[in-house]
Amino acid sequence: MVKTDINRELMNLLYQQDSYVTAKKLSEELEVSPKTVYRAITHINEKVGAPQLITTAKGKGVEINRSRSLNESGQFVQHDLAKLSEDTLSPSKRRKQVMIRLLYVSPRAIDVQYLYEHFYVSDSVISNDEKIINQWLDRYGLRLQRTNRKASIQGDELAVRQAISVLTDLTGIIDFDNIFSRSEVALNQVDVNFVIDLIRDAEKDLEIEIPYPYDVNLFSHIYILINRYRNVGQKGSLPANQVPGTITQNKELLHCAEVLSHRIEQYAHVNLPQAEISFIYEYLESSRITNLSDRTEVVPQRAILIADDYVRQVSRLLQIEIDGKAILPDLINHVRPMLNRLENGIHATNELLEQIKQEYPSIFNAVCTASLKIEQDYELPKIPVDESAFISIYFARAVEQSARPLHILIACTTGVGTAELLRVKVSKNLPELVIDDVVSMRQYQVNREQYSGVDFIISTVPIRDEQVIPVIVVSALFSTRDQTAIRKVVTKLSGATK
Amino acid sequence: MKDGQETQAVLVKRHLTKQQLFNRVCQALGDRALITEPEVAAAALEERERLAETLITESVAMPHCQSDVVKQSKILLVNCKRYPITWDAAGHQVEGLVILLLAKDAPQDQLLRITDFVRQLADNDVADSLFETEPTAADSIEI
Numbered sequence: 006m007v008k009t010d011i012n013r014e015l016m017n018l019l020y021q022q023d024s025y026v027t028a029k030k031l032s033e034e035l036e037v038s039p040k041t042v043y044r045a046i047t048h049i050n051e052k053v054g055a056p057q058l059i060t061t062a063k064g065k066g067v068e069i070n071r072s073r074s075l076n077e078s079g080q081f082v083q084h085d086l087a088k089l090s091e092d093t094l095s096p097s098k099r100r101k102q103v104m105i106r107l108l109y110v111s112p113r114a115i116d117v118q119y120l121y122e123h124f125y126v127s128d129s130v131i132s133n134d135e136k137i138i139n140q141w142l143d144r145y146g147l148r149l150q151r152t153n154r155k156a157s158i159q160g161d162e163l164a165v166r167q168a169i170s171v172l173t174d175l176t177g178i179i180d181f182d183n184i185f186s187r188s189e190v191a192l193n194q195v196d197v198n199f200v201i202d203l204i205r206d207a208e209k210d211l212e213i214e215i216p217y218p219y220d221v222n223l224f225s226h227i228y229i230l231i232n233r234y235r236n237v238g239q240k241g242s243l244p245a246n247q248v249p250g251t252i253t254q255n256k257e258l259l260h261c262a263e264v265l266s267h268r269i270e271q272y273a274h275v276n277l278p279q280a281e282i283s284f285i286y287e288y289l290e291s292s293r294i295t296n297l298s299d300r301t302e303v304v305p306q307r308a309i310l311i312a313d314d315y316v317r318q319v320s321r322l323l324q325i326e327i328d329g330k331a332i333l334p335d336l337i338n339h340v341r342p343m344l345n346r347l348e349n350g351i352h353a354t355n356e357l358l359e360q361i362k363q364e365y366p367s368i369f370n371a372v373c374t375a376s377l378k379i380e381q382d383y384e385l386p387k388i389p390v391d392e393s394a395f396i397s398i399y400f401a402r403a404v405e406q407s408a409r410p411l412h413i414l415i416a417c418t419t420g421v422g423t424a425e426l427l428r429v430k431v432s433k434n435l436p437e438l439v440i441d442d443v444v445s446m447r448q449y450q451v452n453r454e455q456y457s458g459v460d461f462i463i464s465t466v467p468i469r470d471e472q473v474i475p476v477i478v479v480s481a482l483f484s485t486r487d488q489t490a491i492r493k494v495v496t497k498l499s500g501a502t503k
Numbered sequence: 005m006k007d008g009q010e011t012q013a014v015l016v017k018r019h020l021t022k023q024q025l026f027n028r029v030c031q032a033l034g035d036r037a038l039i040t041e042p043e044v045a046a047a048a049l050e051e052r053e054r055l056a057e058t059l060i061t062e063s064v065a066m067p068h069c070q071s072d073v074v075k076q077s078k079i080l081l082v083n084c085k086r087y088p089i090t091w092d093a094a095g096h097q098v099e100g101l102v103i104l105l106l107a108k109d110a111p112q113d114q115l116l117r118i119t120d121f122v123r124q125l126a127d128n129d130v131a132d133s134l135f136e137t138e139p140t141a142a143d144s145i146e147i
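Protein sequence lines, in the order shown, are assigned to chains A and B. Okay, so the first sequence: first residue is 6 according to this note's numbering, each after it adds one. Okay, so the second sequence: first residue is 5 according to this note's numbering, each after it adds one.
A couple of the hints might just be wrong.
[To be verified] Selected chain A positions facing chain B (in silico; Cβ < 10 Å): (1) GLY160; (2) ALA424; (3) SER432; (4) LYS433; (5) PRO436.
Hints were generated in silico from the structure; no laboratory data involved. From the three backbone atoms N, C-alpha and C, an ideal C-beta is built for every residue, glycine too.
Chain B extracted, bound-state conformation:
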């Protein structure tokens, strides 16, 4: 993961539940010192999902949270096409996740860049196309 880069690819290499995925992703960022308390960040993502699910297309979800434990804001593009995750009670199978982890003191210009990126996802084709191809091992965190 390049320092300062906002977008990071993640490749899911096994069957995971939603909760397991949050834990593993946050743990991976914790290992890289981007999150101070991975379990707090995972709980924040889960809490957001509990309030309302974050599906943005039939197969893409956008979990997000803003927390003190996030040291550097990140957009994680999680490709789980090979191991889709059962997302909700209706049985939606999610193949890609756009996880937004926002630092409490994120600089304004960074927030604007993230906002611009999110607005593009209002087009379902754009959101789905993010996960059409798998990222390479060199470019991604594997979980």
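Only chain A is shown next, with the shape it has when bound in the complex:
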């Protein structure tokens, strides 16, 4: 049996955490037992040597040792990960590969022995995989069917494509040039190049730019479409009842969708039904295409009403006055294609979802609540959290633009050494902050009351007895990590001051 390696996944998870995380939580994320997590931690620490790369604290959990892993260029981290890699596949990656293979040939079945021949796992592991795969597929209304020695995935074509899209996970790809380095799933290079050319040509023909992430969505849709037809022919086509239908069609986009479909037919030697052309059209229509809005018809009244409703509801929930004039034009431009995506079941993955949740929790929660109400009031399909996160960005921007500047204090032991150096670096890199004073720790402790108005303190040394004002301890190098930590606090406080 090939040794399955969770080390890399564990490291990746830990690098994403800002503080301690329990072994139980890690075990749930990795779908292994807490014991396995502890074994992996011991293994990693033994491999990389002293000082430990992963530290544990009683009652808190485990944390990556950032002083050990901290390196401006990330070289140390890569080095550590390289030591741990050993070219092995984690259980989740194995299941991902199995699912991708089954989904691409769905509804056809594949011999289980053939499916698992490169993984060298026991029947009990396969049986466990089946349970987990079925749970995962259930989210999309799909099911894993096991007949004798064969396995297949059954369900709607749209659901099959959506599941493939999620597993292919191109969310980290902002530029098509990174598509091979960032995708965790093997992609066919010839197909990839063809689809990229196709999209680039469409942009040229329409004299528009399809912005991120819609370009990646369209890429993903066409790539999957080609490979579905190639694997299962017409069994991979969309049923007639799933053909989308926008009442008012943009002629330019419709023509573009027809040209794209024709080129796909020629390339993949397939016949695409009308449903596919309509779907490509909907993908184009659902993209926030720049340069096209001034050429399109009047914005539907519904989009304007919904955007306006968002502004009113979020303002009420956050108990702040949001300037509608400043936010509405952009919000309407977002809501219009969003409505199209909702109608046609097109999922726009938001890569920044977790970051938005973390950085703008109150705004994000308010938008999600507003989304629920808007779904009901306008009889819309469920608005996914990814869409709410997109909308949150517009509100976060509005809130930040109208926020009062944050006042800070810079401190070090003497108030002359690293603190003065930081004053220059902070002014240069975070000009929006107002530096009230640069002080020594002693000056601060003696005159604490004088500084009660500052929003936070940036210090090169810990200020242990400060309980009220947030203190961000940074290095005199003022690294990117330091600046990110400050920006997080700025974002949090900007929301709180409103």
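With chain A held as given, fit chain B onto it using these hints.
Here is chain B on its own, set in the frame of chain A:
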């Protein structure tokens, strides 16, 4: 060392640890009656490093302290390019040090001059350029 001059060059002529360097520098100033208790000043520099390291570029650090035992505030430009000092657990090799030793009762105008000097070090090129050439024996304290 000229009396009243704030900046003093120091040339490191052997391999030293961080602690040894602090001890030797403070001892040299003690010999010149600029510090009354060299070991107290060295301990203050070490304590500051213990709180947080003072690297200001990849190869320059700025240890500093303010203490009663410092009789005259000084900026020491320690050139250790020939014998770099391993500075931290990450293995940074420091080739130059800007040591600030501040007297508790340093006059305001002197502090302002030191502050102006420190602000210039926010530009990494300025900080690194301080140690590009070795000081001459006549201009420096050799340790």
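To see whether the hints hold, each was checked on the structure:
no., hint, verdict
1, GLY160, "violated (51 Å)"
2, ALA424, "holds (9 Å)"
3, SER432, "holds (9 Å)"
4, LYS433, "holds (7 Å)"
5, PRO436, "violated (14 Å)"
In summary, the numbered hints that this structure violates are 1, 5.
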